[in-house]
Structures are given as C-alpha cells and as structure tokens.
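**Q** The listed protein sequences correspond, in order, to chains U and R.
Under numbering that gives the first Met the number 0, the first residue of the first sequence carries the number 0, and numbering increases by one thereafter.
Under numbering that gives the first Met the number 0, the first residue of the second sequence carries the number 0, and numbering increases by one thereafter.
To be clear, the hints were calculated from the coordinates, so they are not data collected in a lab.
The reader is advised that the hints may include incorrect statements.
As the list claims (entries may be wrong) - What follows is a set of in silico ranges between Cβ atoms, one per label pair, in the way DEER data are often shown:
(1) U:ALA94 <-> R:ALA118: 30 to 36 Å
(2) R:GLU239 <-> U:LYS58: 33 to 39 Å
(3) R:LYS127 <-> U:ASP78: 54 to 60 Å
(4) R:THR106 <-> U:MET99: 30 to 36 Å
(5) R:TYR120 <-> U:MET99: 23 to 29 Å
Said to hold, decoys possible - Going by beta-carbon spacing under 10 Å, a handful of chain R positions derived as facing chain U:
(6) PRO18
(7) GLY19
(8) TRP30
(9) PHE34
(10) GLY57
(11) ALA58
(12) ILE60
(13) LEU64
(14) SER65
(15) ARG68
(16) LEU95
(17) ALA164
(18) GLY289
(19) SER338
A virtual CB, placed ideally from N, CA and C, is assigned to each residue, including glycine.
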Amino acid sequence: MTEQSEKIIQVKDLTGGYGDTVILKDITFDVYQGEVFIILGGSGCGKSTMLKFMIGLEKPFSGQVSIDGIEIVNASEADYKKALRSFGVMYQNGALFGSMNLMENICLVLEEFTNLPRDAMESIAQMRLNQVGLGNAADKMPSDLSGGMRKRAAIARSMALDPKILFLDEPSAGLDPITSAQMDELILQLSRTLKITFVVVTHELPSIFTVADRCIMLDRNVKTIVATGKPHELQANSDNSWVRQFFNREA
Amino acid sequence: MTDMDIQTTKEGALSITLPGRLDAACVAPYWSSTFRRLRQSKPSLLTLDASGLETVDGAGIAFLLSIQRWQTDARGRFEIVHLDPALRQLLQTNTLEGLVVRPPRKTSFRRVAEDTGRAGYSIVHDIKIQISFLGELGYKLISSMMLPQRIRWKDFFLLAEKAGADAINITALLGFLIGLILAFQSAVAMGQFGAEVYVADLIVLSMFKEMGPLITAFILASRSGSAYAAEIGTMKVNEELDALHTFGMDPVRFLVVPRVLALTATLPLLTLFNILAALFGAQAVMSLLGISPVVFWDRCRATADLVDLFGGLAKTLVFGYFIAAIGCLRGLYTGKGASAVGDSATRAVVTCIVMIVVVDGIFAVVYYYLGI
Chain U
0 MTEQSEKIIQ
10 VKDLTGGYGD
20 TVILKDITFD
30 VYQGEVFIIL
40 GGSGCGKSTM
50 LKFMIGLEKP
60 FSGQVSIDGI
70 EIVNASEADY
80 KKALRSFGVM
90 YQNGALFGSM
100 NLMENICLVL
110 EEFTNLPRDA
120 MESIAQMRLN
130 QVGLGNAADK
140 MPSDLSGGMR
150 KRAAIARSMA
160 LDPKILFLDE
170 PSAGLDPITS
180 AQMDELILQL
190 SRTLKITFVV
200 VTHELPSIFT
210 VADRCIMLDR
220 NVKTIVATGK
230 PHELQANSDN
240 SWVRQFFNRE
250 A
Chain R
0 MTDMDIQTTK
10 EGALSITLPG
20 RLDAACVAPY
30 WSSTFRRLRQ
40 SKPSLLTLDA
50 SGLETVDGAG
60 IAFLLSIQRW
70 QTDARGRFEI
80 VHLDPALRQL
90 LQTNTLEGLV
100 VRPPRKTSFR
110 RVAEDTGRAG
120 YSIVHDIKIQ
130 ISFLGELGYK
140 LISSMMLPQR
150 IRWKDFFLLA
160 EKAGADAINI
170 TALLGFLIGL
180 ILAFQSAVAM
190 GQFGAEVYVA
200 DLIVLSMFKE
210 MGPLITAFIL
220 ASRSGSAYAA
230 EIGTMKVNEE
240 LDALHTFGMD
250 PVRFLVVPRV
260 LALTATLPLL
270 TLFNILAALF
280 GAQAVMSLLG
290 ISPVVFWDRC
300 RATADLVDLF
310 GGLAKTLVFG
320 YFIAAIGCLR
330 GLYTGKGASA
340 VGDSATRAVV
350 TCIVMIVVVD
360 GIFAVVYYYL
370 GI
C-alpha cells in the first residue's frame, strides 16, 4: 500500500546532536501517508532525538524535515504553527496536565484552537476517549490512572484536533505484555479507521512485528540508519549482522 | 459548496441538508443553530441529507453523533441519507457513550451546609495533623540532640548557608527600606511637635520588639518555608520518601530535623542584620532632616535595651522552628502530581504566616505578664 501513497514526512540529509556531540548523521527517509512507521534501535541510539528533530522541538545541525509539505527546520513561526496542526505527539509518560481531569485535558486543546460551544467540545472529547477505550474515565485525574491508561489518554488528547500524523514516543515502555498488546491493537485500529499516519519510536520487538508497515533502524556506533524495510524481511535477510541479532534477540 | 439548510418538511418532521464542510473550523455556528432548532421543534422524524458533504473531521463526526444522540434521547426517529459508506462506518465505530451532561450546580441550603461542614472538618483535621506532627518533631529533635553525632551536620551547614547566608542581602535590603519608611513617616508626624529626635526611640523599640523579628520571619517563611515544602513535596511525588522508608530511614529525622535546626539557628542572626539595616535606613532619613548621626546613634544607645533585643530574638527561635516544621510538614503531606507540589508550597507559606502572627500574639501576652 505504501508504494502508491504520497510522502507525508520527508527527512533529508539530517545531521544533529547536542552541543558538540553528533548523535545522528546523514539521515534520509520518507514516511508515507497512512502507514505505521517505526523508528527502532537499541538504547542511546538517538531514537528520541530523532523524534524531537521531526516535531521541531530541537533543531538539527543541518538537513531538512518536511511535514505535510511544510519544511519545519527553518520555518517561520506561522509556518511551524501550521505544521503543528497536522500532527499530534504522545510523550513517553503521557504529559497530561495534572491539575485537570481527562475531559478538561482534551477540552483545553479544543478551547485554544476552535470556537466550539462547550457541549460540542465535551462531545468531541468523549468521542476521543471512547476511541481509546477510556469512555468511563472522563472525570478521572491523571494521577488516578495507571501508566497504560495515561498513555491512551494522551493519545486521545493528541487526536483532539484531527491530526494526520501521530508521533508516539515509546508507547509500550513500562507496560505489561497484555496492556502493551492492547496499545498495539489501538494503534492498528486508529490507523485503519481514521487513516492516521503513525510514527512510533520503540524497541519492543513484539509490537514492532504487530504494528509496523515499515521501519528504520538506528545504530549508536555508526550514528545513522543501518536498515530500512519491513520487520519480517529485516529479521530474515538483512546483510547487517547486528540487525539480525536485534531481531532475533541474540546476545 | 453547499451551506447548511434546515427545513420542516411536513408536520413533525425536520430535514437538514448538511453543508459541504463539517470540521472544527466551521462547525461551531451549525452546532448552536441546529440544537436551538431541535429544541424548538422536537421533530418526530429527523432526516440529514449528506449528499453535499465532502469534508468531515472529528468535530463533524461528533456533531452528527450529538444530533443522533439528541434525537434518540427525545425518542424521535433519525436517518442520514446519501452518506458516503466510509463516513457511515466512521459514524458506526464512534460513540458518545458515557457523555454526562452535568446540570449547572445550583446553590441550595443543603449544599452550603455540606460545604461548610466539609471545610470545618478539613480545618479541624489539618490542625490535628499539625499538632501531632509538631509533637513528633519535638520528640525526635530532642532525641537527636541526645545523640548529636547522628544528626546530619553536613546537611545542616548547607541548609543554614542556603536559608541564612544567602538571605542576608534581601533581609538587609528590606530592613533598610522599612527603617527608611518608618523613620520618614514618623518624622513627619512627630515634627509637628518638634520631636523628630525621638524617632530614634521609636525605631529602636519597634524594630527590636516587633518589626525586626516579624519581617525576617516573613521573609524566611516565603523564601525557605515554601522551598522546603516544594523540595520535600517533589521528593514525595518522585517516591524518594518511600525509598527512605524502605531503607528504614525516618524522613523526619533525615530531612526535617536538619532543616528545623538550620532555620532555628539562622533566623535570630538574620533578624540582627535586619534590625541593624533598619537603623541605618532611619539614620539616612534623619540626616536628611537635619539631625546629626551622633545625636541619632546616641538616642539609639539610650533607648536600646538588651531585654528588648533578646525578647525579640527569643521569638525568632520559635518562629524558625515553626517555619521549618510547617514547610516540611506540607511537603510530607503532598498529594500526587505537579499541581500538588504547588499547592503544598502555597499552603506552607499561608500557614507559616498565620502561625507567625499567632505565636507573636502569644508572646505579646506572655511578655506583658512577665513585665518585659
């Protein structure tokens, strides 16, 4: 399906890091509309940094990132704001606002960007919560939720404004296998029903095999992409021994 | 692109032609007008014509679902015609189930009574916690003093530096300004009787006995009391306090005792700085008003009384104990999340200030009967 869809994210010749340290160099890849795209790699390989470059939280040393046709690395503030409307982000721990319940967390975003009446906002928020299976938790505070529920609530919040792309940072980190599988199921379901493009940062093998259409693999030593493709193909016939090791969980 | 059109087709039936776009940017006016019309006409059959509908997003879906829900609740019939199959599937997979429409809260006698009762209970509960904590702390403080080698002296000196030495500038500055203002205001009034020279008496007495200790205590309450509440509160949120517990280390002994000792030790010293700076402030004003520094300092020396000074400083020992204890207490009782830490810091400052004034009042009564 990916071949005929259009490119929604393009990363070109990206090199970046913190201070003088280069963490990623010469990264080039595309994400196609509607696919579940996974950025994977071992600890400390720059997966989360890659995500920060893609959503514009950090600036790379050089290179380009364009999201939904907008080049964001050197974008004007207005352009960047426009780009922001096209994607949502789920941070590792959810980053829900602790002083508000889930309903208010979602409505806050809608209040800021739309002029909908209150009951309309609540309807949208409830619909989003139902979509992630938290329909009966609307008046719960984030501190009353388990880690998995918090992540799902964060997904509901990031979907408030109908993003075309959702970036998920470690959606199954710290979750038990069953909750983790539910999270994968949610990603697949949202991707199928709402045609949202997913960019997922993870290193959990089961979820990679379940959700991924395509993935890229980063490596800490060479600081760049060492493999691109479908996970099953990489597992079976990558010419890089480290990649095969990773997929086959060999020490 | 078509606009939305609402028509009554026949008796009791309403037909809505949906617009071309139903998204977050443009659904707001439709939302209000549609529901206003629905409330007015209460149709038994509602037909939505989706033939012109091209763009729909989450807000649009929620809009359609809300209409459907409204009509179902009103026991009317509902249908959407000419709907794109993909959209129909989206409508079927999404629900508004669980949406609670909360009626606006009404003020009633019962609610006021309930709220008052709850507030009263929480105040009493809070006071109980404070009293038992202060008692526990007193006991642990004394038992720590018995074994001084068990006190974390390194922490104590660091905390004393942070709460004391680092606060000298602000305490002195505020003292200087208060002295300046006090001297100026009283000189204006006393000048009418030609008694400017007695301003020195007034400053010495008020600063030694009341203003100096109070101002310094307020500064420390807002500076260190809140900091302790926030610091210990964050430790609680990060489960660091639980970690201390599981190592068998008592948080009161480990965190609270050094802080209480640090504040109790530094507050009297800071008060001295504050008073001294206030005298310099007053002297600056007096010089401008033509009273020579020699006369001013001579009057100060004549009025200054060690009993007044130590009476004031004795209070600050108690203030220091309460500020540190309440700051730490609020930290230890922090709830969950970032906002709870903020609440703790706020409550720490408020409680400290109230406590300082109450304790000051008690001291005033005691001193009166002791004849100090």
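**Q** Compare the structure with each hint and give your call.
**A** Results for each hint:
The hinted window of 30 to 36 Å between U:ALA94 and R:ALA118 holds, with their beta carbons roughly 33 Å apart. Separated by about 34 Å at the C-beta atoms, R:GLU239 and U:LYS58 satisfy the suggested range of 33 to 39 Å. Between R:LYS127 and U:ASP78 the CB atoms are about 58 Å apart, so this pair conforms to the stated range of 54 to 60 Å. Distance hint check: the CB atoms of R:THR106 and U:MET99 are about 24 Å apart, inconsistent with the given range 30 to 36 Å.
A hinted range of 23 to 29 Å holds for the C-beta pair R:TYR120 and U:MET99, which are about 26 Å apart. The interface hint given for R:PRO18 is broken, as the beta carbon of that residue sits about 15 Å from the closest beta carbon of chain U, more than 10 Å. Interface hint status for R:GLY19: violated, as the beta-carbon distance to the closest one in chain U is roughly 17 Å, over 10 Å. Residue-level restraint check for R:TRP30 holds (minimum Cβ-Cβ distance to chain U is 5 Å; threshold 10 Å).
A distance limit of 10 Å between C-beta atoms decides the matter here; for R:PHE34 the minimum to chain U is near 8 Å, and the interface restraint holds. Because the beta carbon of R:GLY57 sits about 5 Å from the nearest beta carbon in chain U, less than 10 Å, this interface hint is met. Among the interface hints, the one on R:ALA58 holds; its C-beta lies about 6 Å from the nearest C-beta in chain U, closer than the 10 Å criterion. About 7 Å separates the beta-carbon of R:ILE60 from the nearest beta-carbon of chain U, less than 10 Å, and the hint is met.
About 7 Å separates the beta-carbon of R:LEU64 from the nearest beta-carbon of chain U, less than 10 Å, and the hint is met. A cut of 10 Å between beta carbons decides the hint on R:SER65: the least distance to chain U is about 5 Å, and the hint holds. The interface hint given for R:ARG68 holds, since its Cβ lies 8 Å from the closest Cβ of chain U, which is under the 10 Å cut-off. At its closest, the beta carbon of R:LEU95 sits 5 Å from a beta carbon of chain U; the interface hint therefore holds under the 10 Å criterion.
Hint status for R:ALA164 relative to chain U: violated, with the closest Cβ pair at about 33 Å, above 10 Å. Because the smallest distance between the Cβ of R:GLY289 and any Cβ of chain U comes to about 57 Å, over 10 Å, the interface hint for this residue is violated. The interface hint given for R:SER338 is met, as the beta carbon of that residue sits about 4 Å from the closest beta carbon of chain U, less than 10 Å.
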